[in-house]
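Trainee: Using the sequences plus the hints, can you model the full thing?
Below are the chains, spelled out letter by letter.
There are 4 protein chains.
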Amino acid sequence: MRNGRAAEGGRQGEVLALAAGLFASNGYSATTVRDIADAAGILSGSLYHHFASKEAMANAILTAFLDEILGRYDEIVAADMPARETFEALATASLLAMERHQAAIVIYQNDGRHLALLENFAYLRDAGERFEQAWVGVLQRGIEEGEFRRSLDPRLTYRFIRATLWTVARWYRPGGPQSAQEIADQYLSILLDGIARGKKKKTKE
Amino acid sequence: MRNGRAAEGGRQGEVLALAAGLFASNGYSATTVRDIADAAGILSGSLYHHFASKEAMANAILTAFLDEILGRYDEIVAADMPARETFEALATASLLAMERHQAAIVIYQNDGRHLALLENFAYLRDAGERFEQAWVGVLQRGIEEGEFRRSLDPRLTYRFIRATLWTVARWYRPGGPQSAQEIADQYLSILLDGIARGKKKKTKE
Amino acid sequence: MRNGRAAEGGRQGEVLALAAGLFASNGYSATTVRDIADAAGILSGSLYHHFASKEAMANAILTAFLDEILGRYDEIVAADMPARETFEALATASLLAMERHQAAIVIYQNDGRHLALLENFAYLRDAGERFEQAWVGVLQRGIEEGEFRRSLDPRLTYRFIRATLWTVARWYRPGGPQSAQEIADQYLSILLDGIARGKKKKTKE
Amino acid sequence: MRNGRAAEGGRQGEVLALAAGLFASNGYSATTVRDIADAAGILSGSLYHHFASKEAMANAILTAFLDEILGRYDEIVAADMPARETFEALATASLLAMERHQAAIVIYQNDGRHLALLENFAYLRDAGERFEQAWVGVLQRGIEEGEFRRSLDPRLTYRFIRATLWTVARWYRPGGPQSAQEIADQYLSILLDGIARGKKKKTKE
DNA sequence: GATGAATGAGAGTTCATTCAT
DNA sequence: TATGAATGAACTCTCATTCAT
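Chains as they are written, first to last, in numbering that gives the first Met the number 0: chain A, 0 to 204; chain B, 0 to 204; chain C, 0 to 204; chain D, 0 to 204.
In the DSBU-like style, the derived pairs of lysine-lysine whose C-alpha atoms are separated by at most 30 Å in a straight line are: (1) D:Lys53 x B:Lys53; (2) C:Lys53 x D:Lys53; (3) C:Lys53 x A:Lys53; (4) D:Lys53 x A:Lys53; (5) A:Lys53 x B:Lys53.
Here are some of the chain C residues that sit facing chain D, going by a computed Cβ distance under 8 Å: (6) Gly145; (7) Thr166; (8) Asp192; (9) Gly193.
Computed spacing ranges between beta-carbons, pair by pair: (10) C:Arg149 x D:Glu128: 35 to 41 Å; (11) D:Gly127 x A:Glu118: 28 to 34 Å; (12) C:Ser150 x D:Ser45: 48 to 54 Å; (13) C:Pro173 x A:Glu118: 37 to 43 Å.
Calculated directly from the structure, the hints in this document are not laboratory data. All residues carry an ideal CB built from backbone N, CA and C; glycine is no exception.
Mentor: Right under this line is the structure:
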């Protein structure tokens with residue numbers, strides 16, 4: 000039974016994890032179906048017992064990630080916290096997602112643009128918009144509520160944040176010197192208060 | 000005459016620009032030599048009168064960018080300014096580089112990892128290290144000189160910065176609402192002072 | 000128990016009928032074992048409990064048809080009727096065979112040539128010769144007995160007849176406007192007396 | 000330059016002729032692109048310099064035949080001859096078409112049904128209708144004008160004729176004992192006047 | 001009898017590259 | 001410089017078949 004869903008049970012899940020790793024390190028289009036099959040110890044044709052196509056594999060990988068993270072985003076936004084807490088929660092959730100979906104995030108970041116052009120990946124565009132809405136929303140609310148500086152351009156700020164959030168997955172090593180949580184904390188500290196020392200200059204805005 | 004270098008004048012330069020645009024929007028490995036030839040209005044075989052190989056094109060594109068930006072970095076570091084000014088100059092130089100090398104930056108960001116595995120692109124690893132040295136250097140100096148917060152992890156901070164710096168090229172549109180200089184200013188403002196309003200909490204560090 | 004013969008009873012027969020339908024509408028080589036299994040509601044591997052191979056299925060289908068029709072031809076020829084009656088009986092028998100073997104006839108007509116090249120289908124060549132012998136025989140006898148025009152080339156005439164006889168199965172719809180018997184009658188009428196009206200021109204030959 | 004047109008000039012034409020021969024003798028789907036390339040003495044990939052796909056080859060082959068024969072049909076119908084002459088001209092034109100398009104006719108006859116299901120071969124359905132219109136038209140006219148027997152069912156009669164007309168190409172050998180013209184004459188003689196000897200029975204209809 | 005995972009060969013196609021003209 | 005024909009390797013995917021469970 001060919002399965003486009005997440006990587007839960009059995010063989011399918013293992014194969015998907017291997018594929019995700021290869022897509023992430025070599026790129027989607029530079030990864031061949033044979034590479035994946037080799038990694039799984041089977042012949043390339045046998046992969047098609049589990050997945051309808053190479054695209055279907057990427058699909059399953061990305062969908063598992065996006066469904067989870069966007070679900071988490073929805074929960075956070077729905078929780079109706081002060082803007083700054085919502086903001087922190089979104090950033091933390093995004094970085095913690097690396098623990099279960101690191102490869103997917105790398106693929107999303109590296110190949111997302113290109114894949115989104117394919118019919119089967121139309122949902123990537125929707126996902127991009129949902130990310131943006133959540134972030135731009137909380138930034139605007141924070142500005143209105145006086146939590147964030149009035150001079151911010153929400154969309155531009157979102158783009159700066161987005162870049163860092165998803166790029167971390169490129170170098171993050173689980174079990175490495177910094178945990179995802181620690182990375183999130185450091186990033187939030189920099190993002191909220193800046194790297195410069197001393198009293199803020201633009202306090203009055 | 001096959002040329003692996005950056006090609007300013009004439010046909011070579013035009014072809015290179017077309018190739019850069021295609022590599023940037025479709026990805027290096029998804030761009031075919033025929034795509035480039037089509038864009039140039041010639042046949043794919045004819046490209047080989049200008050360039051020795053597809054890799055040579057990517058090489059010329061990336062080298063032109065890296066030579067220029069790393070030269071600029073060297074100048075800035077050599078100028079011996081206060082850490083904060085050096086810092087601002089590096090960020091600004093990186094973002095202004097988009098004006099002449101947007102496609103190259105996108106390629107560097109998207110395909111750099113993958114290309115760096117190829118023999119002909121060994122210099123990409125060196126470039127990465129030189130970037131890192133410049134940034135980690137100025138961050139450390141800034142901390143020592145009391146300009147930047149003592150709590151920063153320079154390498155981690157560099158990685159956050161790097162992500163944003165090069166990712167901007169993905170969405171930047173020359174002649175669009177924000178100039179590269181404006182983007183640089185906004186980014187620096189956020190990076191240095193944070194997005195949060197009000198007096199700094201961690202002033203004493 | 001693998002069975003290469005015609006399969007009347009039970010599952011085998013049902014599967015064979017499904018396979019015959021698919022072979023007939025899509026062609027033998029364009030029909031996959033999976034198509035057949037899907038139609039039967041089982042997995043493709045499970046088909047091999049019933050049949051040794053895809054060829055064995057085609058074999059069973061064609062054999063069932065050929066055994067029956069050639070047996071009928073033998074009876075007709077042995078009955079020792081006047082040439083014209085034999086002739087009519089052969090044509091009618093061939094067209095009535097559609098009622099039980101329509102798909103087999105389509106396969107025989109469409110894929111027979113190609114299949115006959117395979118070892119397992121050597122009998123198709125024999126069958127072709129037996130058809131030809133029966134028809135060429137009755138045509139020659141008819142000419143000798145003065146029933147048929149002396150100007151006929153028996154082999155050529157046989158080829159004209161054969162084409163129509165087996166091609167009817169391509170468009171015949173059981174329960175449609177014309178029964179197989181009616182089609183046979185119309186064909187015989189045209190074949191024997193022609194479509195032109197008025198007195199025969201070549202009466203004296 | 001990839002060419003979907005007929006098999007006129009140079010290499011393209013040669014390759015097309017080879018492909019046509021293979022499609023005709025082995026069937027379209029049983030003929031591999033490698034078979035064609037082997038026959039042409041090149042590698043399979045090189046075929047794609049001349050043709051966009053295997054389908055494109057079949058397309059060019061069938062189109063060349065259909066354009067020519069349907070053009071001929073149009074001329075004949077437009078010539079406004081007595082029904083019987085039109086009828087003879089159509090049959091003769093169809094059989095003489097074998098001289099330039101024998102393989103195409105075999106492909107049309109064997110694989111036409113199956114190919115017509117593919118998007119790129121939609122025109123096959125139109126062609127089928129144009130053939131039918133021409134023949135059914137002339138049959139009806141002939142009946143009205145008293146040339147053909149009133150008892151004929153034009154569509155059914157057309158189907159009988161069609162079967163023979165296109166099936167001849169399966170066994171016809173150029174330079175063999177009978178020319179296409181001789182075959183046409185014999186077929187017309189049988190078709191118009193029947194194979195039975197002696198006075199017509201159904202003269203009064 | 002049926003499943004489901006796997007095989008292994010081969011399908012159509014793509015593509016960077018070469019080279020005689 | 002450019003063309004156009006060809007190469008050769010690799011690619012995604014298909015499919016008849018096998019077999020342990």
